[in-house]
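Taken in order, these protein sequences are the chains called V and X.
For the first sequence, the working numbering assigns the number 328 to the last residue and increments by one with no breaks.
For the second sequence, the working numbering assigns the number 1224 to the last residue and increments by one with no breaks.
Treat the hints with care, since some could be wrong.
Stated by the list, open to error - Selected chain X positions facing chain V (in silico; Cβ < 10 Å):
id : residue
1  : GLY1022
2  : ASP1075
3  : HIS1091
4  : LEU1120
5  : ASP1126
6  : PHE1131
7  : ARG1133
8  : ASP1141
9  : ILE1145
10 : LEU1146
11 : ASP1159
Please keep in mind that the hints were generated in silico from the structure rather than gathered at the bench.
What you are looking at is a predicted structure, and each value in this text was computed from that prediction instead of being measured.
All C-beta atoms in this analysis are idealised placements derived from N, C-alpha and C, irrespective of residue type, glycine included.
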Amino acid sequence: MDNFELICPAGTPAALRAAVDAGADAVYLGFRDETNARNFPGLNFTRQDVADSVDYAHARRVEVYVAINTYPQAGNLGPWQKAVDDAARLKVDAVIMADPGLLAYAAKRHPDLRLHLSVQASAANVEAIRLYRDAFGVRRVVLPRVLTVPEIAKLNAEIDIETEVFVFGGLCPMAEGRCSLSSYATGLSPNKQGVCSPASHVRYEQRGGALASTLGGFTINVFGEGEQAGYPTLCKGRFVAGDGPAYLFEEPTSLNAMDLLPELKAAGVRALKIEGRQRGKAYIAAVVRAYREALETFAAGRPVPHIDLQAMVEGGTQTTGAYTRAWR
Amino acid sequence: MRDPDVAPNAVADERARRFETGLSRAGLGLVPKLGRRAGDALLARLLRLLADRHPRAFAALREMADARVLIEPVDAPVALLMRVGPQLSLHAVPRGAGGVGDAGAADAVVRGPYARLLDLLEGRIDGDALFFRRELAISGDTALILALRNTLDGEEEMDLVADAASIAGPLARVLPVLRRNAGPVLDRIEAARRLLPPPLRRGIERVEARIAGTLPDTLPDKRA
Ligand code: SF4
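Starting from the given sequences, assemble the full structure and let the hints guide the process.
Quick look at the structure:
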């Protein structure tokens, strides 16, 4: 039985080395601009960083994927097309993209470049996935985090390209690429500028013993004394409606699907993805190591150990997300 | 409580780390006592040394827009004001001197136990997790703090304690030996202390407390 591929995040070259050393099969990263969906201050790779990182990873038989997964601005395709050209020139193993125009550009200009469909494209049904395969030669699709395991199994039975699913990290619970919450509050969105709930609009305020998090002047949450804090991602806000404050869209929990390895294998999933290019190298090393251990144990036919990653996650609680529940 | 599964080596490492942390905190406490000019000169030297050892991170720090971040250990008498941007510099300021918004003060503040801040600056620990657990507090310009964190975290293994020691003269020669022998040395210090008559022992503890800047080594661990 082929083991899953473990796809790990890196926001800096040091994080990439941490992921490689901890047992990643592939590391995904982005350039230092708005062409990728984690365009955060101080994060990401210069062209030279990518060249060095590809050398480091390939010497250890680990692949490197570049995410170019935001939607180009009308009339300004330059940075996105250049990102694709540079990724090909730097000999990365795949590019992860969402925009059909950009996919077409890459397929035509760089026929040997392996194309993966980003979660940002939100391709969650057979017809959509076949269209991307037939039109652009997409070889793998990263599934949006809205499908249950039986739905993934059904999908895999009907398509002939690889699927990759998120197994760990922060959750973006909407059909991705289509959420406008962040645009509404800040004018900046993950789909165009590569930032959801950008730090430039975030403030933390002490209110008595409580800690308030605000985004663009809106209070997103108020944490009581001793309560776990969280980043003010809009969909994870606690808003007052009706009877009092409640998490209206999604609780600030993190995905951890380690217990679902047998089900995901049976569903035909090829690769498992860890979220968190914005997190530090200590997080990346710890999570990748834990998943590597779990995958080795699973491949050897032994029961998957329960590895505690509680200390790493936002909200301090973990969920198996949509994989095991019907969407609200 | 110590985890019985933790290898003796890990325990020794942890003790050595605590010792180093205390030592470096004491060192930081001494900086203002040198007087402003000498203190700033010492920190400028430290910064130059770090820039030599970590050129990538320091180039990135200089490329940032001009801004000031106050790094404030809650258990040390002194905070560090770091100016990022083309005029990169580091100053020791008395703790509680300037909050966000005061004239000429910081654009952002990171506050937490000294040991945690040191771990964070050296990239040994995940800053987000610390923040989620409320062991770190941040205020002011969140993007600035994030940029600083990402830049420092992108650096391979910083060893601030060793780097700081290497500008402090004799300590530079002692530190490697101390690290290798931290366990036995600490045991010997402890044993010697137990043999001292009580008044002397208390006297030593007072001196240590004064050097280290009054408070206990770390704040109580909230998860315990
Ligand atoms: S607000 Fe939430 S659902 Fe919308 S893009 Fe951001 S993380 Fe995703």
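Now for the hints, and whether the structure bears them out:
| no. | hint | verdict |
| --- | --- | --- |
| 1 | GLY1022 | violated (22 Å) |
| 2 | ASP1075 | violated (19 Å) |
| 3 | HIS1091 | violated (22 Å) |
| 4 | LEU1120 | holds (9 Å) |
| 5 | ASP1126 | holds (4 Å) |
| 6 | PHE1131 | holds (6 Å) |
| 7 | ARG1133 | holds (7 Å) |
| 8 | ASP1141 | holds (8 Å) |
| 9 | ILE1145 | holds (8 Å) |
| 10 | LEU1146 | holds (5 Å) |
| 11 | ASP1159 | violated (14 Å) |
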